[in-house]
Amino acid sequence: MRDVAIIGVGHTKFGRASKTSLELFSEASLQAMDDAGVVGADIEALFQGAALPGFEEGQVMPAAFSAAELNLGPIPATRYEGACASASVAIRDAAMWVSSGECDMVLAGGVEKALTMGTAFATRTFAMSCHTPTEGAVGLTFPGVFAMAARQYAKGYDMPLDSLREKMAHVSIKNHRHGALNPLAQFYKKIGNLKVEDVVNSMMVADPLTLMDCCPFSDGAAALVLCPAEDAKKYTDDPVYVLGTGQGSGSALSKMEDLTKPVSRIQSAKVAFKRARLEPKDIGILELHDCFTIAELIALECLGFFEWGKAAEATAQGETDLGGKIPTNMSGGLIGKGHPIGATGASQVYWMVKQMRGEAAKGNQIDPVPEYGMTDTLGGDFGTLCHIILGRTKK
Amino acid sequence: MVGKEQEEIEKELSKEYVALTYADYEVGLKGGKLLGLKCAACGGITCHPMPVCQWCSDRHLEKVELSGDGEVTTFTVIRVASEGFEDDVPYIPCLVKTKEGPCVIGRLDMAVESATQEVIGTQVKLDGISTYNGDKFFSGEHVCPVFKIVG
Numbered sequence: 108m109r110d111v112a113i114i115g116v117g118h119t120k121f122g123r124a125s126k127t128s129l130e131l132f133s134e135a136s137l138q139a140m141d142d143a144g145v146v147g148a149d150i151e152a153l154f155q156g157a158a159l160p161g162f163e164e165g166q167v168m169p170a171a172f173s174a175a176e177l178n179l180g181p182i183p184a185t186r187y188e189g190a191c192a193s194a195s196v197a198i199r200d201a202a203m204w205v206s207s208g209e210c211d212m213v214l215a216g217g218v219e220k221a222l223t224m225g226t227a228f229a230t231r232t233f234a235m236s237c238h239t240p241t242e243g244a245v246g247l248t249f250p251g252v253f254a255m256a257a258r259q260y261a262k263g264y265d266m267p268l269d270s271l272r273e274k275m276a277h278v279s280i281k282n283h284r285h286g287a288l289n290p291l292a293q294f295y296k297k298i299g300n301l302k303v304e305d306v307v308n309s310m311m312v313a314d315p316l317t318l319m320d321c322c323p324f325s326d327g328a329a330a331l332v333l334c335p336a337e338d339a340k341k342y343t344d345d346p347v348y349v350l351g352t353g354q355g356s357g358s359a360l361s362k363m364e365d366l367t368k369p370v371s372r373i374q375s376a377k378v379a380f381k382r383a384r385l386e387p388k389d390i391g392i393l394e395l396h397d398c399f400t401i402a403e404l405i406a407l408e409c410l411g412f413f414e415w416g417k418a419a420e421a422t423a424q425g426e427t428d429l430g431g432k433i434p435t436n437m438s439g440g441l442i443g444k445g446h447p448i449g450a451t452g453a454s455q456v457y458w459m460v461k462q463m464r465g466e467a468a469k470g471n472q473i474d475p476v477p478e479y480g481m482t483d484t485l486g487g488d489f490g491t492l493c494h495i496i497l498g499r500t501k502k
Numbered sequence: 021m022v023g024k025e026q027e028e029i030e031k032e033l034s035k036e037y038v039a040l041t042y043a044d045y046e047v048g049l050k051g052g053k054l055l056g057l058k059c060a061a062c063g064g065i066t067c068h069p070m071p072v073c074q075w076c077s078d079r080h081l082e083k084v085e086l087s088g089d090g091e092v093t094t095f096t097v098i099r100v101a102s103e104g105f106e107d108d109v110p111y112i113p114c115l116v117k118t119k120e121g122p123c124v125i126g127r128l129d130m131a132v133e134s135a136t137q138e139v140i141g142t143q144v145k146l147d148g149i150s151t152y153n154g155d156k157f158f159s160g161e162h163v164c165p166v167f168k169i170v171g
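Residue numbers (the working numbering), protein chains in the order written: chain H, 108 to 502; chain B, 21 to 171.
Among the hints, a few may not be true.
As the list claims (entries may be wrong) - Quick list of simulated restraints, FRET-style, between CB atoms:
| hint | chain 1 | residue 1 | chain 2 | residue 2 | range |
| --- | --- | --- | --- | --- | --- |
| 1 | H | D474 | B | G141 | 55 to 61 Å |
| 2 | B | T142 | H | D141 | 57 to 63 Å |
| 3 | H | W415 | B | S77 | 55 to 61 Å |
| 4 | B | D89 | H | L318 | 35 to 41 Å |
| 5 | B | S77 | H | G144 | 49 to 55 Å |
| 6 | H | K501 | B | L33 | 24 to 30 Å |
| 7 | B | A60 | H | N178 | 37 to 43 Å |
| 8 | B | Q26 | H | P183 | 34 to 40 Å |
FYI, nobody ran anything at the bench for these hints, they're computed from the structure. Beta carbons: idealized from backbone N, C-alpha and C, even for Gly.
Using the sequences and the hints, build the whole thing.
So this is what it looks like as structure tokens:
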């Protein structure tokens, strides 16, 4: 198995897009290819995350047409679907293909046009990645799932629910502040100065989660070019290495022991750390799946950055902000940057690469640049989890 | 001559791997019964039904009826519904740990004003079903259990 590097990255503006998914993915891909200094003829396979294209544009099999739009020739092009973790599992498999020796240069990323669907239909299609036989007739929604997790968190750690809500609000405040500084974010120059009361008093979606506890629906795409580590310096002075990955699968919600400790995430992260031969203390920056404020707290604990039940208070104390113990979602995360679900994992990796090159927006960039970083992406109600650990140097 | 007799192939196909189908589970709910499966190997109860024991993966499972008694482990009050559930708002999805062991998801029948954090840990009993008429993606009528606080 060979070491793998990322040599080029691309990312469209997140928000509402008038372009088609094929155009959005092409835009991100061409940026990534230009960034790497490679051309279409160099690409040997395409790995594309896309969760709901059939509902958004009546388009299935978007990967094949994405390769065609770029004139990549009759190469293997495969769509990956792991709900909101689609792009991360695509990138993970792309890295495997390069690592195995099957391919020497591949394109990986994701695309989504969720905002186009409108709130009611988007909520319906997102809820399809719940366990339909048991959760379908209940009318469960994703905010509903994480609202149930929040209540379990408060109960489990004997915390008054209002106190947890105030601490969760700091996730939204932080991620919106950084999203407002990110020119590619859906909320660029918007909502950058939230207060706790703005979050807790906004419209109730699923008690105790308000609108400001939730990430938005979004359109957008992101893409990366990967090649063997040994070739990376031919293309760029700043390759970023894929040091370890992990993937895990969950179950119907009712079969989970504890919504605040999803085994799928704990296991996936553990494998990624083992492969990378690193520990949480080595990681300088996180891009993690803050689909809801409570989701960020649960992820921080599952990944081992804080003790069980401690992430809420740590977040309120600024330990996950710039200058804190572990800067988290300096891109704005899903909450501030937007969440085009099939693209999100690729966007997380994009911002990790930008951080490691010192090219993140002022106010979001870590100084000095981080040596090691990690992404965490969650699909469904803990159904698909994926982790990618990246570094500026090979281990 | 290579090839297999059609009767032999048909015989192989007749083997049943599912002791309680989801459709039969829903029929049970409509009749006021929470059905599950008892494992011959570990004695554990599986609910919702699966082809293997949810605790030990054994395949020797027998249909049983659960008491319908349990304890609320968490819940929420949904104010923004997905398409098809707008008329139900507000409604209360909940997770219930049954007396027999497995957890099931359903709805809680209570006034939303009373649905505060103290509801977690309270004893509930199966008290009917909630019916969803389906949509073009999930066709047909589907049901989930509805629980009521005891006492």
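| Hints violated by the structure (numbers, ascending) | Hints 1, 3, 6 and 7 are the ones this structure does not satisfy, whereas the remaining hints hold.
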